[in-house]
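Novice: Residues per chain, in single letters:
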Amino acid sequence: MTFNFTKYSAVYYIISGVLILATIVSLFAYGLKFGIEFVGGSNMEIQFQSTRPSNETISSALKSLSLGDVTVQPTGTNGAILQFKGVDEATHQQILTALNKLSPSSEKSFQYIGPSIGQELRNSTEVAILLALVAITLYIAFAFRKVSKPVNSWKYGVTSLIALFHDVLIPIGVFSILGHFYNVEITVPIVAALLTILGFSVHDTIVIFDRIRENILRRGMGQFEDTVNWSLTQTLGRSISTVVTVEFVLISLFFLGGETLKWFALALIIGITSGAYSSIFIASPLLVSWYKSELDKHKLL
Amino acid sequence: MAQKYYIFIGVLVLAILAGIFAYPNYFNKSVDFLNHKMSWTVPHFYEKPYVLGLDLQGGVSLVYQADLTQISDKATAMSELRDVIERRVNMFGVSEPTVEVVGTDRLNVDLPGVTNVQQAISMIGQTPYLEFDEQRTAADTQKILDVMKQVQDAQTKKQDITKIANWQTALQNPYFVATDLTGKYLTKATVQFDQTTGAPQIQLQFNAEGAKLFSDITARNIKKPLAIYLDGSSIIDTNGDGKIDGNDLYAPIVQSKITDGTAVITGSMSTQVAQTLASRLNSGALPVKIGAPISQETVGPTLGTASLQRSLWAGIYGLLAVVIFMVVFYRFPGLLASIALVIYVAITLAIFKIIPVTLTLAGIGGFILSIGMAVDANILIFARMKEEIKSGKSLSVAIDEGFKRAWPSIRDSNFNSLIVCAILFFVATSFIKGFAFTLALGILISLFSAIFITRIFLMVFVGKWAEKIKWIL
Chain A
1 MTFNFTKYSA VYYIISGVLI LATIVSLFAY GLKFGIEFVG GSNMEIQFQS TRPSNETISS
61 ALKSLSLGDV TVQPTGTNGA ILQFKGVDEA THQQILTALN KLSPSSEKSF QYIGPSIGQE
121 LRNSTEVAIL LALVAITLYI AFAFRKVSKP VNSWKYGVTS LIALFHDVLI PIGVFSILGH
181 FYNVEITVPI VAALLTILGF SVHDTIVIFD RIRENILRRG MGQFEDTVNW SLTQTLGRSI
241 STVVTVEFVL ISLFFLGGET LKWFALALII GITSGAYSSI FIASPLLVSW YKSELDKHKL
301 L
Chain B
1 MAQKYYIFIG VLVLAILAGI FAYPNYFNKS VDFLNHKMSW TVPHFYEKPY VLGLDLQGGV
61 SLVYQADLTQ ISDKATAMSE LRDVIERRVN MFGVSEPTVE VVGTDRLNVD LPGVTNVQQA
121 ISMIGQTPYL EFDEQRTAAD TQKILDVMKQ VQDAQTKKQD ITKIANWQTA LQNPYFVATD
181 LTGKYLTKAT VQFDQTTGAP QIQLQFNAEG AKLFSDITAR NIKKPLAIYL DGSSIIDTNG
241 DGKIDGNDLY APIVQSKITD GTAVITGSMS TQVAQTLASR LNSGALPVKI GAPISQETVG
301 PTLGTASLQR SLWAGIYGLL AVVIFMVVFY RFPGLLASIA LVIYVAITLA IFKIIPVTLT
361 LAGIGGFILS IGMAVDANIL IFARMKEEIK SGKSLSVAID EGFKRAWPSI RDSNFNSLIV
421 CAILFFVATS FIKGFAFTLA LGILISLFSA IFITRIFLMV FVGKWAEKIK WIL
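From first to last, the protein sequence lines stand for chains A and B.
Sequential numbering from 1 applies to the first sequence in the working numbering.
Sequential numbering from 1 applies to the second sequence in the working numbering.
In isolation and in its complexed conformation, chain A is listed as follows:
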């Protein structure tokens, strides 16, 4: 049995197109909310012993310390996460005293990132992303170096790159929206997750494309579209199983892993789902569409 995956290519293109458009709109409208490790500042997690004072009470208690914009975010039953500009150790202690006066509390964590470190981290993250993209492009070119007719090897590379951007853009869009509405920040773990998605997305596409090339070699050139659909049918079980097992551990991390790993897991969940989807419904149909448009051109000539 062969599923006809490429029959509704237009529908998949539209779905992905809408999602990517939404991402771009959200990026322009809301932008990305970067965590303090990228922009510098202080982040403090407080646990109040009995009751949590209201956000306004906390803000006004800290007003005299001139901490710039103070954001207070309730967490857990009696906890709060405070963010404000970078402060020295003396001010940090004053804040703790002020909060203790308000309601007995203990500090769970405190983080201060100086402006130079934030800038540096931004730079090194940019370098990491660029290097990862270059390395993956080179790797794809290498993996598909053996020319295979009827579609040129570089076209496999280009379509896997399109799928790659698709898979990274969609989680970025989700985090842009989460950042605007729920204050979820782009932190270092989320960048790590996005870079892992880069690897994973290509990983999935490579398995399918390998199968397509193998089937072309075995069955001859025949109908390219049929070969693609046949290959997709053969690899479908693997694609589903692989995604499901990874999603199991990620969902478990999302619900149980605590604050730091929660958003990291969510970014991976979105990216890996998108990766599995794009390998089957975007990358492979694109190969077929491209092949067909070339055929049409030849016919016109």
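Derived by calculation from the structure, the hints in this document are not laboratory data.
Quick caveat: nothing in here was measured; it's all calculated off a predicted structure.
A few of these clues could be false.
What the hints assert, rightly or not - No farther apart than 25 Å at their CA atoms in a straight line, the calculated lysine-lysine pairs in the DSS-like style are these:
| no. | chain 1 | residue 1 | chain 2 | residue 2 |
| --- | --- | --- | --- | --- |
| 1 | A | LYS262 | B | LYS289 |
| 2 | B | LYS289 | A | LYS33 |
| 3 | B | LYS386 | B | LYS404 |
| 4 | B | LYS289 | B | LYS188 |
Said to hold, decoys possible - Simulated coverage check for chain B against chain A, where a stretch passes if three residues somewhere in it have a Cβ under 8 Å from a Cβ of chain A:
| no. | region |
| --- | --- |
| 5 | 302-309 |
| 6 | 314-321 |
Said to hold, decoys possible - Facing chain B, from chain A, some residues (calculated, C-beta under 10 Å):
| no. | residue |
| --- | --- |
| 7 | LEU102 |
| 8 | ILE113 |
| 9 | THR125 |
| 10 | LEU138 |
| 11 | GLU225 |
| 12 | GLY258 |
| 13 | ILE270 |
Ideal Cβ positions, reconstructed from N, Cα and C, are used throughout, including at glycine.
Start from chain A and add chain B according to the hints.
Specialist: Below, chain B without anything else, positioned relative to chain A:
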């Protein structure tokens, strides 16, 4: 074909050893039980704790930026700075602190278990502290040694040491006590050479007030040692082991009362050491200027423990879900792959202990992700095997073909993930480094477990019997 059984037994032994090493509690408990019942004397399994990062055990992490604008030999200056700060941190009584130079001008100071950040910061940034200590009376010495013993006993029994009366005394030097003479009375330190031997020595010159103090101290300590400390440690590597630590003690015997306010430090030191020492004493500061920390991270001990526990449960549930999925969808081979996966977890944890890998939240995240990814190779292989069986091949041929045909995809996709890990490891911050390292380690070990171990299992367990009930494959 007996060879496959030897390999199989080898794999089992490796798995059991790795498992016990990774989590020796149950093994040691049963050993205790058996020893008690049968009056045996089976020893405990070698115990080695996991190295936990600051985010999991609580503590303070500080980053300093050194001002190297005036300095020509930057690398040496940084390593000197590192040594000085490490000595100060050790004085603070932190267990296993790490002080390391990052890049060219950064110093990273990790203080696990420290909660008093303010004290830690002022301790690190202070000017070097030169002190002259005189010998305690024998009774005083004994008193401190007694408290130290109590504290040590309490620590081995894991009791709260703060319950012991005067437990703070255990932090003091039992043999010497500080005098009023400190580096603040020093006017200058110069390097000189002994006129007969030519050995380098350091001459200290005190101001009038210091000269008075020194004269009093020498007067009451004739024929007794006077210990000289810099930042709480001996100033000279007296036992010649290449480092200055608690085993060194520079304490020359006072020969006579010294009234002119000069002291000479002699001992086995190179001219270079003498010069650095003198310049540190003169500058009255760290070899390199550092300001307030440019980044600080404090994690409370409760948060660390909670994070560790939550992520461990996440891992256990994730592992369980993967095992159930594999057994339901791939039946017998799925069961074998699940056993291989559990062995994978045991081996990886054991390797974390052996290297040792400092486990952080990020590292555990990478490890848990790798549990989900580890079975991918098995899934690829089993899918191929099923196809071969469908096309009418015999089981042993199908198994062989399955491994052979799946290999290029497994190699390509894992290689690709390893590239990303390598880039993350070399470019990014410590959080990402921890993640990339455990993920890469996980990928490599999982290739071994998913391919080698599963294959041995299939060779041993799938025989003629399975031909009749092919549905379980």
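Novice: Kindly indicate which numbered hints from before are broken by the structure, ordering the numbers from low to high.
Specialist: 1, 2, 7, 11 and 13
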